[in-house]
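Asker: These protein sequence lines are chains A and U, in that order.
Position 7, counted from 1, in the first sequence is what the numbering used here calls 7; the numbers after and before it change by one each time, with no gaps.
Position 339, counted from 1, in the second sequence is what the numbering used here calls 339; the numbers after and before it change by one each time, with no gaps.
Worth flagging that the hints you see were computed from the coordinates, not collected in a lab.
Treat the hints with care, as some may be off.
Note that identical chains are pooled: a pair holds if it fits in a single copy or bridges any two copies.
Calculated lysine-lysine pairs in the DSBU-like style (CA-CA distance at most 30 Å, straight line) [unchecked claim]:
id	residue 1	residue 2
1	Lys-395	Lys-172
2	Lys-367	Lys-205
3	Lys-267	Lys-205
4	Lys-367	Lys-395
5	Lys-395	Lys-126
6	Lys-267	Lys-395
7	Lys-126	Lys-358
8	Lys-395	Lys-330
9	Lys-367	Lys-172
10	Lys-31	Lys-358
11	Lys-267	Lys-126
12	Lys-172	Lys-358
13	Lys-126	Lys-31
14	Lys-205	Lys-358
15	Lys-358	Lys-330
There are 2 protein chains.
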Amino acid sequence: MSSNVKVEPGSLLPAGFTFAGVACGIKSSGKRDLSLIVMDSPGVAAGIYTQNQIVAAPVVLCRSRTPGTQIRAVVTNSGNANACTGQQGMEDAEAMCSQVAALIGCTAEAVLVMSTGVIGQVLPMKQVQQGIDAAHADLSPDIDSFHNAADAICTTDDRRKIATSHFSFAGKEYRVAAMAKGAGMISPNMATMLAVVMTDAPISKSQALQVLQSAANRSFNRVSVDGHTSTNDTMLLLSSGQGDDLPPEAITAFQQAVDEISIRVAKMLVADGEGASHVIAIHIEGAASDGDAERIARTVGASPLVKTAITGGDPNWGRIVSAAGYAEVKIDPPNVCLSICGTEIYRNGSPVDYDEAKLSQQMQQSKEVPVQLIVGNGPGIADFWASDLTTEYVKFNSEYTT
Amino acid sequence: MSSNVKVEPGSLLPAGFTFAGVACGIKSSGKRDLSLIVMDSPGVAAGIYTQNQIVAAPVVLCRSRTPGTQIRAVVTNSGNANACTGQQGMEDAEAMCSQVAALIGCTAEAVLVMSTGVIGQVLPMKQVQQGIDAAHADLSPDIDSFHNAADAICTTDDRRKIATSHFSFAGKEYRVAAMAKGAGMISPNMATMLAVVMTDAPISKSQALQVLQSAANRSFNRVSVDGHTSTNDTMLLLSSGQGDDLPPEAITAFQQAVDEISIRVAKMLVADGEGASHVIAIHIEGAASDGDAERIARTVGASPLVKTAITGGDPNWGRIVSAAGYAEVKIDPPNVCLSICGTEIYRNGSPVDYDEAKLSQQMQQSKEVPVQLIVGNGPGIADFWASDLTTEYVKFNSEYTT
Chain A
1 MSSNVKVEPG SLLPAGFTFA GVACGIKSSG KRDLSLIVMD SPGVAAGIYT QNQIVAAPVV
61 LCRSRTPGTQ IRAVVTNSGN ANACTGQQGM EDAEAMCSQV AALIGCTAEA VLVMSTGVIG
121 QVLPMKQVQQ GIDAAHADLS PDIDSFHNAA DAICTTDDRR KIATSHFSFA GKEYRVAAMA
181 KGAGMISPNM ATMLAVVMTD APISKSQALQ VLQSAANRSF NRVSVDGHTS TNDTMLLLSS
241 GQGDDLPPEA ITAFQQAVDE ISIRVAKMLV ADGEGASHVI AIHIEGAASD GDAERIARTV
301 GASPLVKTAI TGGDPNWGRI VSAAGYAEVK IDPPNVCLSI CGTEIYRNGS PVDYDEAKLS
361 QQMQQSKEVP VQLIVGNGPG IADFWASDLT TEYVKFNSEY TT
Chain U
1 MSSNVKVEPG SLLPAGFTFA GVACGIKSSG KRDLSLIVMD SPGVAAGIYT QNQIVAAPVV
61 LCRSRTPGTQ IRAVVTNSGN ANACTGQQGM EDAEAMCSQV AALIGCTAEA VLVMSTGVIG
121 QVLPMKQVQQ GIDAAHADLS PDIDSFHNAA DAICTTDDRR KIATSHFSFA GKEYRVAAMA
181 KGAGMISPNM ATMLAVVMTD APISKSQALQ VLQSAANRSF NRVSVDGHTS TNDTMLLLSS
241 GQGDDLPPEA ITAFQQAVDE ISIRVAKMLV ADGEGASHVI AIHIEGAASD GDAERIARTV
301 GASPLVKTAI TGGDPNWGRI VSAAGYAEVK IDPPNVCLSI CGTEIYRNGS PVDYDEAKLS
361 QQMQQSKEVP VQLIVGNGPG IADFWASDLT TEYVKFNSEY TT
């Protein structure tokens, strides 16, 4: 077994996939806004979706089709979320799938669909239809097409978010690749996290769902920019793998590869959060359970007082420790310890002496600021990544008026 | 029964109280930082306190002394929270009470204490002792002294926060007055909400606690600046009233008066939140229960996307409705309706046409922006007040480095 994440995919894309990303005029910027991923043969797909009760049409459709074993394609448009669009929205999402199905020769039920962008507006279907035709004509297994497909799902993202990995089992190498878009704001409405993980490893649909859920719980479910759960959040895992499913002993290697690229892409998403100047890498130890640790990590990462302290390079233990104190799970105050960038600043419930000017400078110079908080003697641990909070974030989200 | 809130107390202060507020050098600004409230005779006191597990020394002391029937005084210092100060902090809090007790002639257990300001630093007891002596020498029942006492509990507050009311029962008039300090940040650490409600109405300690809890649940527990629960939050109710306790039929009038001034002062606190440009007045209807409605209101009020939309005068229904959708309580999406400043912009799950430019202008010109959200057909309602989120907030909390 080996697993080795590469930032640039090179030749590491999984076999059995083709990609395209085109501009069809949904985005007024003229940037790519229609993405198509096609598997050569019917494959396995699993999905996990937003917990918001207000759910966009494409999420409703995908939920009904995953997990599945006969999936052929995922079509995604950016620039319009097709959310809060009623019956018309459902018909448009279905029409996108039917058109792809007709072009590649499968049933509409074998096509998944995602949307991201403005909510409450009906999709410009003429542009979408042209886009699907153009993307289909452009399908290719090469790296440029993979990049185009990844670009075409982006909205306010400054950077493309992709990662690849591979692992070997019984002398055979399998590949895993991921693309995602960020969780910042879409003018004029809320953002969406979309991610697709692809592999040529043969897996069952139950394996796919299990691996996907596990990876999400270590990656996309452990990041926060602004704590706002969108109507469209979707994470898919597609397998083009043919033949016998991976035996249980190979699943560990597969899980590790999926975890790795998911965490990598999720961290890109935080680093590229609107206005973000630092990634806060929160590590919690000593909670009663992993769930409690996650809750504490999430509370610390969501606190605007913690976020602004990190923005300012301020090793403000008071804000961090008190955020842990109101997370609504038990902590053990006399045993609380805190380190920032590896420097311990609070030990067993009391502040300790340290070189504050040096640490502050170190925090300001780091793109990623590690915050390690021990909250007691329990077995619970969690890792969580949050963006900091800057005046740019507030400007971006307040100065726009619909 | 009558109840009539006045912003300026005039002669409406409750009988049986004297006040003082002095500067003793805890704050480097030289502003008033030692506040003393004394009842002429032993009176009733109830208190409610922070839910944070990291608790300051004065909170530990107050918790052990309330509710009580032999309380004489409340001493408060600002500029230092006496939090995370260990055994020394407990001894200092007790010393403050003992000194007041010796001066006014009572036991130390009859004195309550509050602190607010920097955490993790030991109190400068020499200054505190001088301040208590000076405040004791200055005690007076007049309005100027009440103002001084209210000023001396403030920290980053821009404005004094006081309100008074009165009510009559069986031909006798009773008075109620409140002072509070705001929930913004204290450099270099987290803030504190402190509030004292005073009355000359005779009440039992169980009545006092019940009225206080009920008022807090409609006022201070329904506001948010940054969602960060401090180590020192304290709300006290003091009664100097002698004679028979109020009969049950008079408690309604008393409750109403306490509610009114508590809501008034709590809203001042939001309006004076750090960097706040608008108060978001959130009204939720149609939830399954009042508790569910409160949870939705709190989620909407805490969303940085909602806050920044209000800052920018953006009637962004997508951000508000989707925040309700992830509040983790059941809503009924097809029956969701939303009005801002009285203009309906979302009805039964879909956006409606309205004059967007006019509404945006109205939002920008309003100090208080009413947001009314109907989430279904249930009986649950809640009111909640939140500050918006501005670049000034971020600057204030990030540009300071300890």
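Asker: It remains to establish, for every hint, whether it holds in the given structure.
Answerer: Hints, one by one, checked against the model:
| no. | hint | in the structure |
| --- | --- | --- |
| 1 | Lys-395 with Lys-172 | neither (51 Å within a copy, 55 Å between copies) |
| 2 | Lys-367 with Lys-205 | neither (38 Å within a copy, 54 Å between copies) |
| 3 | Lys-267 with Lys-205 | within (27 Å within a copy, 54 Å between copies) |
| 4 | Lys-367 with Lys-395 | both (21 Å within a copy, 20 Å between copies) |
| 5 | Lys-395 with Lys-126 | neither (34 Å within a copy, 46 Å between copies) |
| 6 | Lys-267 with Lys-395 | both (23 Å within a copy, 25 Å between copies) |
| 7 | Lys-126 with Lys-358 | neither (58 Å within a copy, 33 Å between copies) |
| 8 | Lys-395 with Lys-330 | neither (37 Å within a copy, 33 Å between copies) |
| 9 | Lys-367 with Lys-172 | neither (38 Å within a copy, 66 Å between copies) |
| 10 | Lys-31 with Lys-358 | neither (43 Å within a copy, 32 Å between copies) |
| 11 | Lys-267 with Lys-126 | neither (36 Å within a copy, 50 Å between copies) |
| 12 | Lys-172 with Lys-358 | neither (50 Å within a copy, 65 Å between copies) |
| 13 | Lys-126 with Lys-31 | within (17 Å within a copy, 67 Å between copies) |
| 14 | Lys-205 with Lys-358 | neither (51 Å within a copy, 53 Å between copies) |
| 15 | Lys-358 with Lys-330 | neither (33 Å within a copy, 49 Å between copies) |
Checked against the numbered hints above, the structure violates hints 1, 2, 5, 7, 8, 9, 10, 11, 12, 14, 15; every other hint is satisfied.
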